[in-house]
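> Each chain, letter by letter, is given below.
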Amino acid sequence: MIYTRRQFMQTSAFWSAGSFIPSFLTRAAFAAAANKPKSDRILVVLQLSGGNDGLNTVVPYADDEYGRNRTTLRLRSAQVHKIDSYLGFHPELKTLWEQFQEGHVSVIHGVGYPKSNRDHAGALRDWHTARPHDENCQTGWIGRTADSMAGTDNSNIPCVLTGNNSQPLALNAERMIIPLIRSINQLKFQYEWESEVSPNNQKSKNPLLDFMKRQKFAAQEKSQRIASISRSKNSNAKYPPFQLAATLRIIAQLIQADVGIRIYYAVLGGDGFGGFDNHANQRDNHAALLRQLSDSVSAFINDLKKERLLDRVLLITVSEFGRTLKENGRHGTGHGAAAPMLVAGGDCHGLFGRHPSLTDLDNGALKYHIDFRNVFATLLDQWLCIDSKDILGAKYKQLSFLPG
Amino acid sequence: MNNETAPVDPQWAWAPYSPSSERPWDLKWAGHLYRRAAFGASWDQLQKALKEGPDQTLAWLLDPNGNRSEFETAFDEYESSAAYSSSTEGLRAWWLRRMLQTPNPLQEKMTLFWHNHFAVNQAKVKSGRLTLQRLRLTRKYAQGNYAKLLEEIVHHPSTLIALNAEKNRKTLPNEHFSRMIMENYCLGPDLCSEEDIRDVARAFTGWFLIRNELRFLEREHDDADKRILGEEGNFNSADVVKLVLRHKAAAWLIVKKLYRNFISEIDNPADSLLEPLVNQFREHYDIKQLVRVMLKSNLFFSDAAYRKCVKCPASFALEIAKGFEANISTTCLGRDLAALGQDLFHPSTIKGWPSGRHWINSATLAGRCNLVHALVTGAGSYENQLSPSSLFSKYNCKTKTEASQLILNIFLQNDLEPSVQKQIFQQNPNLDAQSWLKHYIINVLSLPEFQLA
Amino acid sequence: MVRKFQVGIRIVMFALFVCQNAGSDSLPKASQWIPQDAVITFEMSKPADLFHLLLGPRIEKAVTTAPEYQALANEQGFKELQGVIRYLETTLSTDWKTAVKTLLGKGGTFSLLPENKILLTTDSEDSKLLSQLHEILYGFAKNEAENQGNYDRVKSKEYKGVTGYTFGQDEAHCIIDNRFMFTNKSNVLKQIIDNRSNSELKSLSTLENYQCAQSTINPEASLKGFLRLDILNQFTGINKVLTKNLNPLAALLLAGLPDSLSVSNWLSAGLHVGEEHLSLLANIDGKLDTSDPLSFIGSNGCAGGVLPIIQVPNQIASFSFYRDLYQFYSAKDDLFPERTSGLIFFENMMGIFFTGRDLTEEVWKEVKPEIRFVVSEQRYDPSIGAPAVQLPSFAVIFKLFNPEKFGLIAEEAWQKAIGLVNFTRGQEALPGLLIDRPVYKDIKMTSTYFSSMEEDDKSKLETRFNFRPTLARIEDNLILSSTDQLAEDIIDSVLVGTVAPLEKIPGTHSLVQINADRLASILTSNRETIVRNDMIEKGKTKEQAEAGQEILHRILSYLNQATLQVGMEDNIAQAALKLSLNLPAVE
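Protein chains in written order, with the working numbering: chain Z, 17 to 420; chain V, 8 to 460; chain D, 1208 to 1794.
FYI, nobody ran anything at the bench for these hints, they're computed from the structure. Keep in mind that a hint or two might mislead.
[As the list claims (entries may be wrong)] Have a look at the derived ranges for each label pair, beta carbon to beta carbon:
#  : chain 1 : residue 1 : chain 2 : residue 2 : range
1  : D       : 1359      : V       : 110       : 42 to 48 Å
2  : D       : 1687      : V       : 332       : 35 to 41 Å
3  : D       : 1370      : V       : 430       : 53 to 59 Å
4  : D       : 1322      : V       : 430       : 37 to 43 Å
5  : D       : 1273      : V       : 23        : 36 to 42 Å
6  : D       : 1279      : V       : 23        : 23 to 29 Å
7  : D       : 1734      : Z       : 342       : 53 to 59 Å
8  : D       : 1287      : V       : 30        : 46 to 52 Å
9  : V       : 430       : D       : 1279      : 52 to 58 Å
10 : Z       : 135       : D       : 1749      : 53 to 59 Å
11 : D       : 1637      : V       : 110       : 26 to 32 Å
[As the list claims (entries may be wrong)] According to the in silico footprint, chain D covers these stretches of chain V (three or more CB under 8 Å from chain D):
#  : stretch
12 : 291 to 303
13 : 324 to 338
All values derive from a computational prediction rather than experimental measurement. All residues carry an ideal CB built from backbone N, CA and C; glycine is no exception.
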């Protein structure tokens, strides 16, 4: 099975090199190869570091309380991209708003968790481990997912971090080595020599050597697929010149190369400090970050759509907390609690859940309606088809924000 | 996963190996010994081992003769100078350099073993000084007395910091701490009752870490009676270590782990096979004695052990440098090893690095081969630090055939299927001799066989 | 190493060739023959000055006393080469230095053309010597080729009345009057001969850019350089490399030079050689478009010019800049389209320190564009102790528009910053800074320091003991210094300056001075750290790392001071580098 697919891939590499076969044929062939059962679905988790201001992302522009509390940061009805008579997207989220209208973006309102932490390190740890308030937890929810997927003879890497950040706790695993992919070349052999014999036909006296041969063969096979993708794909997909876009582009290439990675993790806003943590002069900084988010994710959606892969992919945004309703004296906002999550994919529609009240506050911040662990459980069970109970430590109620 | 291996006679297995005509001492076994008991060998060392036989080679590895104090003093000083900051990048580089150059490689290999067994993450400890202390502690007892090692480790500030146990109050015994050390450092999982866990935590009350210094506050110690591992008494933390060492599982945990480290990662050995070692180890907890028995044994020099472990990234890379008799940039190597899953001082959890097959996946294999490529072509920070041509001129290789044979001898002890040998040899026929050899070396070091220890 | 040296010598030997037609001195300039697509061209117009220094006794002493030279001199290859030189010296009855001076006496050029073609021309003072040397070498080469059974390798051929020779492969050379010309591709030689016979053809000297560039070089320069950036930018994409991924702060520091280079057609340079110094003056013609966010540097940057640099004791380096931070920060949306977490963190912090003041309008606008930096070696107080790694102290000196008002605001911000540092360090159980308010020459400073009271080994303190962050204001100068000592030195320097008012240096936006002896001294203080770092960074042995340091020290010991001055005049960016030398004395 592996061998024949390998042959197919080699031939397709030849096509794109020779380029006398129309590219739509190649694409169709890839799409056919990609037409896989649910176990091949992919999740992209995008962390907005520093605590994103949910109120100025999905804006309750028509709420008087909003206008009253945001004296300088307020976005007015004429500025936002309207969702309905109450809500609208931030002006810089134009491209995401367009995707929203196409049915590729949806919003989950008021996500948070009980007694949420307002300190960056603590709140991030809670989101990463998905075990709030357990300071002793050493593994992350994605790391544990990877461990649960680890087979003894599986050459696939269940999840990776892409981009230039250091590894977040979310990816900490006990058994799996989670690679940090900065460049697609890391999965490509700089120089390789190919054995003419498929290792599947061999059996030596040493099972460990046989294992190693199969692994090498599988790794080389992936390397070639990546090589052929990066050769054929250099020109067509259009991404804006942002770091996040470059990262998402790598993810799109790896998805297309079908190397078996199920979960991707990417970060916008840097490690630890800064980013969305706008205590001062929030307006321009936040707008610039949202523009990167919007244009990069939108380009990613368009790319996958063109490659007919969008139905297999779901992207979510996470952030350690939202921000306070009231702005401070320095044109910024403080650490808050609940905030919306954005979901992007082939079939994502509308708004999910209730927008939190702007008058019933928890110490100046919005209260949550949806525990983020319900979202994670739904993603694991329904999207990735992996039992969430062991990973999250309990069975959480499923939500219905997913397509189909 | 592979339990089909026929039961082995323990008496034969642990009896010392002596060469015979059926089981001769040859290059294959010399290379095997140097892979497991050191970080590989140079061609000179392999030839010397061949000449001197297994007993003397092993005696040298266990107790290197000659004056090492100059080397140790210099490197102790290098390590200290790198421990000023909270980053361990410098310390990591010096440790790798030490592994590469040390006249006592088994000591460093065992230090690495304990570093992984008693795993804590420096990102949590955040102190270069404490990390260096811990490294020195594991090095000091690496082949010494396990009882002392265990006692000092469970009381080391870095262990307390890593397990959030800086303050062990009478009113708040830290059961997370006691569970973690009992299950991971002392006995293994599922051997302690909840009562044991609770009372071990109580025994540790009174220990406080104040500005990274360990202090015992009498008033915070719970000196009421406790019940731990079936015994009752007014135990303190030192007593806990004694109780642990009286428990048979303590020795089992270490013997099993060392078996995986030195003999084989593919099978679960029968209890009857390990029993004699466990009993012996329990007498004095002498680590070196246990290591000596394993490395001298018939089992070690048999197919049950040969190429039955996966090299950890550090061994993989250092064996290459060792074979080329070269110094390489260990700052850079430290980073590259991290990408291959072995970030020294930063194991991801208290369970340490996952060993064996877990080292290998598509990304790490591509990473290993690309590291070989960078080292051999002298790319980036490894600018021409490995010099194949000086290796070939040192050993008088005049032709492609001679040079390629030397590579096979050093790195695979010429144990490679002839068909594969032939295929690699026939690659790139049009390249000039120098580039051909570089590609040949990359091919050999990327072979599945070279990933195995 | 030896091999490279031999190749070098061979090229020089080729340069010492011969000519049949000894004769007139009236050849046109070599630039009239050099093809127009030469990317880089060096012209040696005043050989005597160069030889005076390069072949003089002091350089000779510096070279021959270096251990590397002595090691080289013991190599077999070097001895053979010396034998050949002695043979030539006897045959030509001259010594090699005189021969070199004679053969290059009327100048020479070196050009690099596309596709790695090179062209070398030399004008000899004595065409007879040239022809003699060529005959000898021609004989050697022919003999050797024939001994190897290769009768065709060394040959000559006539083209448009000029005899061209080759010693093998595509190498070609010829002699016209007293000019010797050599190239590694024979078609270049043909081009030259074509240019010679037809002055209508395009040579370097007919290129307009070349003529413009020449006008910017002092005709007295001993060595002139011309670089065709138009070709480089077009074909190598070097401009993209220069401007892409450049951090805006780095771009500001470099005053937009990378951007200017990427739109330049040419770079010209002239080298002057003196007894005790070398000075290099370089120009580029690129002008930043007004749409470039950094264009303000060129448009008004040099109008005022920079202040003279500050001089302090133990000075390693001193910088003086003209940079309008207000305009720079106003353009931040163009300069930082991607908000890095660092920038946002910076803004958050500045918001706290400056109590919510607008960073652009209320902070940067208070600061004049004349900004100076000083880096100096520290003198450690033995009662406090010395750190294991010794870092230089450094300071920035801003000029304020409203010193009385903004001085206090800055001081408040400074104290808040120190407090925050202390608070954060306290959270991590790290020692904090003690705050002091000493008075120095009637100036009250806010000075801070770590106490070393509890440190056991005072000779190897932690790196933090290099820092004693200090703020002081004297008149309109706001000093932010890493140590109180440097702040005091700067106050002394400013007080001297008030006696004779500062005069700006017009047309200059950057001025840098580096003192080699102090640089060497700080390297010596940290020698052990540097050696160790080299061992693990580069995989060197201790001996190799130490030898590397030796070489660096020797090079620094021959250098006294380096001064770099960068500015703008008539839309042409200019850089002047002056090296004052410290060559060994000859008795």
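> Compare the structure with each hint and give your call.
Right, here's what the structure says about each hint:
no., hint, verdict
1, D/1359 - V/110: 42 to 48 Å, "violated (60 Å)"
2, D/1687 - V/332: 35 to 41 Å, "violated (51 Å)"
3, D/1370 - V/430: 53 to 59 Å, "holds (56 Å)"
4, D/1322 - V/430: 37 to 43 Å, "holds (39 Å)"
5, D/1273 - V/23: 36 to 42 Å, "violated (59 Å)"
6, D/1279 - V/23: 23 to 29 Å, "violated (56 Å)"
7, D/1734 - Z/342: 53 to 59 Å, "holds (57 Å)"
8, D/1287 - V/30: 46 to 52 Å, "violated (57 Å)"
9, V/430 - D/1279: 52 to 58 Å, "violated (45 Å)"
10, Z/135 - D/1749: 53 to 59 Å, "violated (47 Å)"
11, D/1637 - V/110: 26 to 32 Å, "violated (38 Å)"
12, 291 to 303, "violated (count 0)"
13, 324 to 338, "holds (count 6)"
The structure shown violates the earlier hints numbered 1, 2, 5, 6, 8, 9, 10, 11 and 12.
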